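Protein chains in written order, with the numbering used here: chain A, 289 to 742; chain B, 1237 to 1427.
To be clear, the hints were calculated from the coordinates, so they are not data collected in a lab. Check the hints yourself; a few may be wrong.
To be verified - Some chain A residues well away from chain B (every beta-carbon gap over 12 Å; in silico): (1) S434; (2) D536; (3) T599.
As the list claims (entries may be wrong) - So the derived label-pair ranges between C-beta atoms look like this: (4) G688(A) with R1308(B): 49 to 55 Å; (5) S328(A) with D1410(B): 55 to 61 Å; (6) T1425(B) with R596(A): 26 to 32 Å; (7) A490(A) with A1382(B): 25 to 31 Å; (8) A1385(B) with T599(A): 19 to 25 Å; (9) R557(A) with A1382(B): 18 to 24 Å; (10) A1412(B) with R379(A): 48 to 54 Å; (11) A1412(B) with G688(A): 57 to 63 Å; (12) P656(A) with A1385(B): 51 to 57 Å; (13) D1410(B) with T711(A): 19 to 25 Å.
Unchecked claim - Footprint (simulated), chain B over chain A, 3 or more residues, beta carbon under 8 Å: (14) 424-432; (15) 511-524; (16) 619-628; (17) 646-654.
Quantities reported herein were computed from a predicted structural model and do not represent experimental measurements. Even glycine gets a Cβ: it sits at the ideal position worked out from N, Cα and C.
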Amino acid sequence: MRHSRVTLAAGLAAAGLAAAAWPGRAPEAAPQQPTEVILSISGEAGARPRYAVPDFIARTADAETQAAAALMGTVLWDDLAFEREFYMIPRDTYRTIPAARSFADIPFDRWRELGADGLVVGTVERAGAGGFRVEVRLFDVRARRSVVAKEYSGSAANPRLYAHTAADDIHQQQRALRGVARTKLTFSSDRDGERVANAVSARDVKEIYIADYDGANQRRVTVTRKLNIMPRWSPDARSIAYTSYRRDFPDVYVSQIYQGALENPTGGRGQNWLPAWSPDGTRLCFTSTRDGNSELYVMNRDGTGLLRLTTHPAIDTTPTWSPGGTQIAFVSDRSGSPQIYIVDADGLNLRRLTSESWCDRPTWSPAPFNEIAYASKTGPGYDIVIYDLATQERRQLTSGRGSNESPAYAPNGRHLAFMSTRTGRTQIFVMGRDGQDVRQITTAGNNYTPDWSR
Amino acid sequence: MRIRRLDSIVISGAIAASLALGACSAKKPPAARPLPPPAAATTPTPPPAPAPVQESPIVTAPAVPEDPMASRTVDDLNRDSPMRPAFFEYDSAELSADARAALDANAAVLKKYPTWAVTIEGHCDERGTAEYNLALGERRAVAAQAYLASLGIAADRLKTVSYGKEFPFDPGHDEAAYAKNRRAHFVITGK
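So that you can see chain A by itself, here it is in the shape it has in the complex (with noise of 0.2 Å):
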């Protein structure tokens, strides 16, 4: 695994941001026995596969080979689940299937009864100090043979890591699908209970958050006792653009969190908040007052390259760049109310899209699908709903529970993660882009304005 936690810490250390220990990035998959032909198991006549995923085979006897063994299993199991493309087998009803003590001995006959048609095994060993090497085979239960074999060694620190790369190489095989158990949230939250320094009243702080994409390893990033708010992800997952009042006024910031860089592109040049990525990682779209009234301004992430998007006397805000980088959707109030437009990126083409009572946070769908999600006010809250360019049919995916808003899309689209009142504070929550299937992400403090990241 490429893997330089001291150097990570360090640097993070040093910008005066939360020094934890950081996983690496994804261990690098070093097929063990490279597949000639790539073999797909399929379920009963129109049905998912059937899956399932024992905890994997600890080959060493230590405690801690042992959790992650069993860690790896429920963490890969879930990951799988999250994607809905297989059965997933509920993991209590193995409890009879005697478990494996090596690939060779594996009861394919009981897992056969129990339905499966798809079982993963894995394995964890000791791999030096502080090291693990895993393997994970996906067996075709009726065949009795491996379609899937991969190997991954790295740093022990964080098990759910070799799951969730496993995850993703199972989907890509199995479904040529893009899984997100790598992926990562950001989120701003007030959980520390922190009050605003120097402020005459109290004011609760926001500062920026991160966490895997199912809620695990929940992180802070900012340490600023001010508002850190409406943090957005890089296009490579690196760093984190967001809005913050540590001057005391809004301004955008950009935190190279591996790094542990800070950046202010906008240089207080008026106030500056709401940055989106281009989708190539060179731009920034924001909000600025700079020429005395709320309009949209594209700049390089260094601060080069000025381009003012907008001139109505209206706000225009919250912009969302399209998946090509071509158009912007954007927030604006000249018609009266805040309702979405899209303009292309030279400015030029202006179109309205929505006609409601009150709508905030476009979303741009990644490709394949062409669509924006956003709040839109539904009584005395608000409730995603998707927009279909290519239909423009509007389908709304919350309703009732609490106030819905700020929704951001999955990398290939499948989910949106947004923040709900529904169970009282504000929290984060993950659910299906047919609003099936919501999770709850994030419990500590109110949690506002996620971004999920590629």
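Let chain A serve as the given structure and place chain B on it in line with the hints.
Leaving out everything else, chain B in the frame of chain A:
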């Protein structure tokens, strides 16, 4: 210490709010109305009490009891502020008659203490979305700033900042709370 601050701010905010909402029709006209028409354009320097301002540097001077404002720190002033908030309607940055009256009073204070500088914070209620409310709050702060400028207050004494709905003054979820949270709020930053 911080908690005590919170209490006093909340209380003073409530007092200011109740003054603005309830007592204004009875109390304000005599104080506020004379100011705008004649004083706005014609008198750049405050005629009423120039003496305390000049005497304030002298610590032992008898002027101190006459004008407690002059001797107070910026923090003290903000804790029990002479500056009144201007309140707004839902999704609006238009200045109502009440809002203008509050700003007239603030203009009088700023003319009386010509060295004071303020930051005008734009705030919104929770019914709008967080993203759009940043722009709406900015628009409210700018509306208040422009009105004060029209009354002759120098622009470089009036900074604006929008907090959207990030810092509600009343954490409630009813119209009474919303009304308090839609405001241009004045913080004295220098004297």
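Hint by hint, here is what the structure shows:
no.	hint	verdict
1	S434	49 Å, holds
2	D536	7 Å, violated
3	T599	15 Å, holds
4	G688(A) with R1308(B): 49 to 55 Å	51 Å, holds
5	S328(A) with D1410(B): 55 to 61 Å	57 Å, holds
6	T1425(B) with R596(A): 26 to 32 Å	30 Å, holds
7	A490(A) with A1382(B): 25 to 31 Å	30 Å, holds
8	A1385(B) with T599(A): 19 to 25 Å	23 Å, holds
9	R557(A) with A1382(B): 18 to 24 Å	21 Å, holds
10	A1412(B) with R379(A): 48 to 54 Å	51 Å, holds
11	A1412(B) with G688(A): 57 to 63 Å	25 Å, violated
12	P656(A) with A1385(B): 51 to 57 Å	53 Å, holds
13	D1410(B) with T711(A): 19 to 25 Å	21 Å, holds
14	424-432	violated (count 0)
15	511-524	holds (count 3)
16	619-628	holds (count 4)
17	646-654	holds (count 3)
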